[in-house]
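Visitor: In order, the protein sequence lines correspond to chains B and V. For the first sequence, the numbering used here gives the first residue as 19, with consecutive numbering after it. For the second sequence, the numbering used here gives the first residue as 109, with consecutive numbering after it.
Check each hint, because a few of them may be wrong.
Said to hold, decoys possible - With a cut-off of at most 27 angstroms between alpha-carbon atoms, the simulated BS3-like pairs for lysine-lysine come out as follows:
#1 Lys77/B - Lys87/B
#2 Lys152/V - Lys87/B
#3 Lys77/B - Lys170/V
#4 Lys75/B - Lys186/V
#5 Lys152/V - Lys186/V
#6 Lys60/B - Lys191/V
#7 Lys191/V - Lys77/B
#8 Lys96/B - Lys119/V
#9 Lys115/B - Lys76/B
#10 Lys115/B - Lys87/B
#11 Lys119/V - Lys152/V
#12 Lys186/V - Lys123/V
#13 Lys152/V - Lys123/V
#14 Lys115/B - Lys77/B
#15 Lys170/V - Lys115/B
#16 Lys96/B - Lys75/B
#17 Lys115/B - Lys179/V
#18 Lys119/V - Lys191/V
#19 Lys96/B - Lys191/V
#20 Lys123/V - Lys115/B
#21 Lys96/B - Lys76/B
#22 Lys60/B - Lys87/B
#23 Lys115/B - Lys75/B
#24 Lys152/V - Lys170/V
As the list claims (entries may be wrong) - Short derived list, chain V residues pointing at chain B, Cβ under 10 angstroms:
#25 His137
#26 Tyr141
#27 Leu153
These are calculated hints, taken from the structure and not from any lab test. A virtual CB, placed ideally from N, CA and C, is assigned to each residue, including glycine.
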Amino acid sequence: ILNVEQSPQSLHVQEGDSTNFTCSFPSSNFYALHWYRWETAKSPEALFVMTLNGDEKKKGRISATLNTKEGYSYLYIKGSQPEDSATYLCALITASKLTFGTGTRLQVTL
Amino acid sequence: EAGVAQSPRYKIIEKRQSVAFWCNPISGHATLYWYQQILGQGPKLLIQFQNNGVVDDSQLPKDRFSAERLKGVDSTLKIQPAKLEDSAVYLCASSLERAYTDTQYFGPGTRLTVL
Numbered sequence: 019i020l021n022v023e024q025s026p027q028s029l030h031v032q033e034g035d036s037t038n039f040t041c042s043f044p045s046s047n048f049y050a051l052h053w054y055r056w057e058t059a060k061s062p063e064a065l066f067v068m069t070l071n072g073d074e075k076k077k078g079r080i081s082a083t084l085n086t087k088e089g090y091s092y093l094y095i096k097g098s099q100p101e102d103s104a105t106y107l108c109a110l111i112t113a114s115k116l117t118f119g120t121g122t123r124l125q126v127t128l
Numbered sequence: 109e110a111g112v113a114q115s116p117r118y119k120i121i122e123k124r125q126s127v128a129f130w131c132n133p134i135s136g137h138a139t140l141y142w143y144q145q146i147l148g149q150g151p152k153l154l155i156q157f158q159n160n161g162v163v164d165d166s167q168l169p170k171d172r173f174s175a176e177r178l179k180g181v182d183s184t185l186k187i188q189p190a191k192l193e194d195s196a197v198y199l200c201a202s203s204l205e206r207a208y209t210d211t212q213y214f215g216p217g218t219r220l221t222v223l
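Using the sequences and the accompanying hints, generate a full structural model.
Guide: Laid out in structure tokens, this is it:
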């Protein structure tokens, strides 16, 4: 069983704070890493697909990096807003199978 | 573009009853996935279809769970009989192909409560 770990489990920040979460995994034999955002009562939404070339990905105030050698990915949110409140899931692709982490629940308050 | 549709959104049943969930993927998407997400855990892949063929069902409890994707479009997931531990959100997702960089598009999920 592949172990994909996310930390912290939950996070509570104030509007305007910047924050980041970690996704850790065995550092060998994977093809890509996906980040998803899952808001309550909505469908999980794809944020980024990180491939082995390790390029930073960015979408607005959210960015992600991948360290393939040491087996982790960071997701950064700059200037958090209440609408960023959601669970952020990472998922590792190995042999065409996608294994999710347990997620980081982010709550942004005014 | 219409998203992935799932029904029902919520279902409450008693243990040992049967239940079925339906999924309609995005038009043209060859690959369809069913996931089970138990509270406090990440989604777990139950079964993956490529068109109407099964690619991976290694984590599907085959003694009680079954799934089909007739004609390579819609899919149904059935549980018979249900157990208390089957209480979870069942997510359906689809992607264009099976490439590891393909984005999976998720439906809203079906929340199942087994009493």
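Visitor: Can you name, in rising order, the numbers of the hints this structure does not satisfy?
Guide: Of the numbered hints given earlier, those the structure breaks are 3, 4, 7, 8, 19, 20, 22 and 25, listed in rising order.
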